[in-house]
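Visitor: Sequence:
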Amino acid sequence: MVLLHVLFEHAVGYALLALKEVEEISLLLPQVEECVLNLGKFHNIVRLVAFCPFASSQVALENANSVSEGVVHEDLRLFLETHLPSKKKKVLLGVGDPKIGAAIQEELGYNCQTGGVIAEILRGVRLHFHNLVKGLTDLSACKAQLGLGHSYSRAKVKFNVNRVDNMIIQSISLLDQLDKDINTFSMRVREWYGYHFPELVKIINDNATYCRLAQFIGNRKELNEEKLEKLEELTMDGAKAKAILDASRSSMGMDISAIDLINIESFSSRVVSLSEYRQSLHTYLRSKMSQVAPSLSALIGEAVGARLIAHAGSLTNLAKYPASTVQILGAEKALFRALKTRGNTPKYGLIFHSTFIGRAAAKNKGRISRYLANKCSIASRIDCFSEVPTSVFGEKLREQVEERLSFYENGNIPRKNLEVMKEAMVQAEEAAAEITRKLEKQERKRLKKEKKRLAAIALASSENSSTPEECEETSEKPKKKKKQKLQEAPQENGMEDPPVSLSKPKKKKSFSKEELVSSDLETTGSGNLPKRKKSFSKEEPVSDLEEAVNRSVPKKKRKFSKEEPLSSGPEEAVGSKSSSSKKKKKLQKLSQED
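According to our numbering, the residues represented by the sequence shown are 682 to 1275, in order.
Please note that a few of the clues may not be correct.
Said to hold, decoys possible - Keeping only pairs whose Cα atoms sit at most 25 Å apart, straight-line, the calculated DSS-like set for lysine-lysine is: (1) 1133 with 1122; (2) 1119 with 1133; (3) 1046 with 1097; (4) 921 with 911; (5) 861 with 770; (6) 1097 with 1044; (7) 1122 with 1103; (8) 883 with 921; (9) 1119 with 1130; (10) 1021 with 969; (11) 780 with 770; (12) 1103 with 1132; (13) 837 with 861; (14) 1046 with 1021; (15) 771 with 701; (16) 969 with 861.
These are calculated hints, taken from the structure and not from any lab test.
Can you build the whole structure from these sequences, using the hints too?
Guide: Here is the structure:
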């Protein structure tokens, strides 16, 4: 009797299912096929032994990557060792992927089986999985599958942005298409403008230059000596410019209307803009190839290297190809036609466009193409799997091809491959160190700029939060200044007065004349008491203050009745003293208000 267990990998976790014991596994196939759509019958054959959910989506992604690569994850190892029987010889484990089955059999020792009845059982488990696991609904299982699928796909296509070869494939395809379109449009301009100026076609061979001249000349009858300098700039040749001017005077072309000329000029400007864009695209392709495949571009050129990458599908696929495949890459039709007709197979494909094969003699073209394909295969592998891209190896490989070409022609013995690669390794290490140093410097600069930017943002936010507090402080500042002035004012001539109160001055009681006279007599009778010296600031002396008071306060004229004659002697003294006391009181009042 054989005990069959089935491992099912789902987006929510691992599930281990057991089937009823049978003598032969093949006997289960008709029963499973009958009951796979019926949940009740399916439960009679399959039962859930254990279920291990994933802790998070990140753990699920790690396990999915491990299963797809045929590696036994630590979670899967622990799950199988915990729930499978200890007697491994009596256990047969069914899995869906042969790679993970071989890995389990090698590492854990369980016999694994794929295909046949296992595939039918897994189909039924996939259909009824949400009913086999308690607490799992069909909606939650679908959500988990969708989330894991997106994460898995995102992780698979997530590469280094600077090393992506998809842009190279699109650029070289667009470049080839532009070449075809520019050639077609230029021939249309030549034919269209040739009705008016047919001699220009024989003088100018370049398509872009012809379109620029057609746009500039327009009506040939208006071409004169004044435009000769501009013609020399466009043609980059004085003799051609003079020939165009002479041909325009004796041309056999037909006359052309203004509307036709406008259309020709408009179409010519489109062709000129397309040719300019083609040049900028070629510059972009060269810069991209120097980043992605510097060794391959240094060996065989940017255009041919990009075509090899595009034809292979990616740089990784090109690196996996053997040199014999790289040699005939692009000549598949000729290869299969030769195999069908039992003729000679092609010697080269896309690498024919390199300069080496064109420079070789006819008898050496096959040998140099084979040698060049070998070096291209090495260069593509270096570019694909090196961490720091450098063109040192490509330059050394190019030198080797040059030496081999001279050996075929002149018999000069080339250097050995070991010597060349040792030199390349030393130079590559130095170049890699220099590149890493530059990258670290750029990263430090970037971090410094980021730090400054964050500090500026933090400072701006703190200023915005402190603006209401500053407003309160500015409103309180004038009050503080007044207090400081009043505290500093009493210090003059080394003497200090008691602090002046800031409270509002109380209204003084109004006294009659008789009471004032009596109070003055009392003060005079009591003797000369020490008077408080009123100290003023240096900017405002006492004399000036008294003058201001005397000017601002008008003197009240005393009115005397007829019965009271003007008294002399002690009465006059009393009157003068009372007026002086009034002045002092007014001065004190003004100083308190200031």
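Visitor: Does each hint hold? Answer for all of them.
Guide: Hints and how they fare:
1. 1133 with 1122: Within the cut-off at roughly 17 Å; holds.
2. 1119 with 1133: The given pair, whose Cα atoms are some 21 Å apart, holds under the 25 Å limit.
3. 1046 with 1097: OK: residue 1046 and residue 1097 at ~22 Å, within 25 Å.
4. 921 with 911: holds (12 Å)
5. 861 with 770: Violated: residue 861 and residue 770 sit about 67 Å apart, past 25 Å.
6. 1097 with 1044: Holds, at about 24 Å.
7. 1122 with 1103: violated (29 Å)
8. 883 with 921: Roughly 11 Å between the alpha carbons, so the hint for residue 883 and residue 921 holds.
9. 1119 with 1130: With a Cα-Cα distance of about 17 Å, the restraint between residue 1119 and residue 1130 holds, given a limit of 25 Å.
10. 1021 with 969: Outside the cut-off at roughly 40 Å; violated.
11. 780 with 770: Measuring from Cα to Cα gives roughly 21 Å; hence the hint holds.
12. 1103 with 1132: violated (43 Å)
13. 837 with 861: violated (35 Å)
14. 1046 with 1021: holds (24 Å)
15. 771 with 701: holds (14 Å)
16. 969 with 861: holds (23 Å)
Of the numbered hints given earlier, the model fails hints 5, 7, 10, 12, 13; all others are met.
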